[in-house]
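Engineer: Listed below, chain by chain, are the residues.
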Amino acid sequence: MKNRFMRTILVLTAIMAIAVIPAFSGGKTESPSEPTSKVTVNKTGLPIVDEPITYELAANTRKNKNFKNLEYFQKLEAKTNVLIDWNMSPEDGWTEKKSLLFASNILPDAFYGQDILTDIDIIRYGSEGLLIPLNDLIDEYAPNLKAIFDAKPHYRQQITAPDGNIYSLPTINELNPTTHDHLFINKNWLKNLGLEIPNTTEEFEAVLQAFKDYDANGNGDPNDEIPFTFRMNANDPRNRQQGLQSLFGTFGQLDDIQHFIVDDSGKVIYTPTTEPYRDAIRWFSSLYQKGLIDKEVFTHNANVYVAKIQDPGDIVGMWLGWSRSATAAKNKENYVVMAPLINVNGERLWRTVEAKLLSKGSFAITNKAKNPEVLIRWIDQSYEGVTSLEICQGLIGRTLEEIADGRFQHMKLPQGMVLDTMIHDYSPGNDGTFALMEDTIKRLNLNANLVERRELDAFYKPYNVPSSNMYPNLFFTEDEIEKIAELQTDIESYVTQKYASWIVSGGVDREWDAFQKKLKDMRVDEYIKYYSDAYQRYLGE
Amino acid sequence: MKAGNAFKAFKNQTAGDILFDIFNYLILILFTLSILYPLYFIIIASFSDPVAINNGKVLFKPMGFNTLGYQRIFENTKIWNAYGNTIFYTVVGTLINVSLTMMIAYPLSRGNFFARNAILFFVMFTMYFKGGMIPTFLWMHQLNVYNTRFVMLLLPAINVFNLIIAMNFIRNNIPEELYEAASLDGYSHIRYFLNIVLPLSQTIMIVLILYYGVAHWNEFMNGLIYLRDEKYYPLQLVLRAILLQMQASGLGDVDSIIEQQKAAELIKYGVIIVSTLPVLVVYPFLQKHFTKFALGGAVKG
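Going line by line, the protein sequences match chains A and B.
Taking our numbering as reference, the numbering of the first sequence is continuous, increasing by one, and the terminal residue is 538.
Taking our numbering as reference, the numbering of the second sequence is continuous, increasing by one, and the terminal residue is 366.
Hints listed in this document are in silico derivations from the structure and should not be mistaken for laboratory results.
Nothing false has been slipped in among the hints.
Computed beta-carbon distance windows for the label pairs: (1) Ala352/A <-> Lys353/B: 54 to 60 Å; (2) Gln513/A <-> Phe96/B: 50 to 56 Å; (3) His151/A <-> Leu104/B: 51 to 57 Å; (4) Gln494/A <-> Ile100/B: 34 to 40 Å.
All C-beta atoms in this analysis are idealised placements derived from N, C-alpha and C, irrespective of residue type, glycine included.
Turn these sequences into a full structure, and let the hints steer you where they fit.
Structural biologist: Quick look at the structure:
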């Protein structure tokens, strides 16, 4: 019996081996040499090529669109003679799909769209030669992009990889706000209670105390008011935009989402190792202990957060958010934006978020592409001012119209249509690659949403710290990324956990020394050094 | 079995027995409610105002009744095509699954089949060690089934776990004597399989249909990786895309942001209903056989 079993195993193994061998050798004999037809590329003007040429582009979509059907790309195809075979993918799952494309070396000619590649993709596949350097191609074939880089060199600086090459092109939107976390206060409640907008920590506390103790919304129940809410989700750092970072400025030093900031001398600082951080936590903790902060600030999700602020019963006194009208909806008239509190040095500080560079990995060409200059000329069309405006805010004639003096405005939309949908029905919009610069924005009559953003930005402008005080969105080397990832997991989760536990149950002074010692044991100095090194290299570029 | 007699025997019961029964039913009713309520909640939530849901005010009836979520789901034309695709994948795919599984389960159930242990070893091996995503992807590419409907039908053709269930069922429920009798009457293995094993395996085949069918219905990852053209996309992929599409991009005006926040929340509940309703409708018809199988297995051990 046993003998027979072994024999059949052997036979089956042999069969499998025979079946597998051709599968491997088959792969090698593939790739028949295509006849290399000479493509004549026009260096300027349109079309880019006289004979139509096809490229395969991989793109992902948050909006459930096939780019092939978008009017924007159809027009572009007709203009340029460059035909695109779109390999579309839904946004989630793109990560797996992308890894498969790279690992199996079945690459498209290029990748298109916001955040199509992450920093690590760009650095890793760039250094492996799968993505080609674009520096020379930009200088020679991309006049629009080059003009942007010449006018604002920090964009070139930000997308240059540590080895000095540019492997991917950016998406830039200068419509994006500089301040993401505005502090709103309920003006009706202030009026009902006869209070003023607070300017100092003492006044701030007194106002919150009054919100808590009295029936501020006047519905007869003094206990349904939430004096102050924000959202500090421990699990997802990206969800901390509505957190307390800016309010740390009350103690002389801001905090940031990853806790890295830069002081005036250009030194990189990790805030949890500093005294102002401790002072701020101590204060927030005392507010929490007195019941002046929403009990759910560390746990509620975005929907619950927004629902509280939008509650028809008007139950929130102060909150942090990016837009008054979009977050508070029907309650928007109740709230006014308020200035930062006067801090220990007599200043008012607020965060500056340089998020105008939306994505560093928005277009990259692979080593498979023949005549990459065609693709560079093709993408450079998107970096032209008005074209960028059309990609971002919708096509002229669909959502935008041209008025006198070369200015543009949003059209009145058909009944029942919303702008966001209309933009994405014809243009790639938020999926697309573009650079919407201040020069073009000046020619656009802003709609209510954009006006509000600009007003809020202008309100905080006097308080915004110089952007050189914020840690920039830069490239780390592959080595740094690995080392940081190794240290970050422990350090970040420890800091986040302590952050929440100190605010909720106190004890920051008692545990501070142990906290510092534990951070040292977790090699926080090394962690800071990688950030510092990358920053110095960035300054040098 | 005794359940029918329980009521007749009611008057003969002691007070303790009656008390026990009352508590028994009470617990069962609570248990049933704890399963039914979440389902009910999803239904009413899909018609309610999201602000009310998030503030915990929707409990027993919809608040701020509206059908915005369903409008957004069904105004997308891709969904009908995707429904068609998923029904096709489910029906044809399950047919392939069940026939292949039964065909391999029968020989493996026969103790005297010479390569049984060896084949079983290979089959079991794949249950614990998989080829990995990248080799499978390359393989699908070289078989030229990438971006075709075949990949959705053939890639999950046999599930080892289901195969083992089917194999054990045949071995335990169809006595060896039947084969002896049939072979005396001149039946070959193929005729015996078709005329005797298959009719006697109806129970297990229905269980297989349910397992495989639900897996096809919920298929997401294979579609995501191996399909490129939207016209082949299964339902789950399209529903997911509709859900994500509603996340506000910040590009629009304030009204569109508010409207989208609202719709996104409703769509979340609507999508659950749209994708599970057909399964909920079909399940009761298969459930009878399913229970028979599950209980039967328990009794025989």
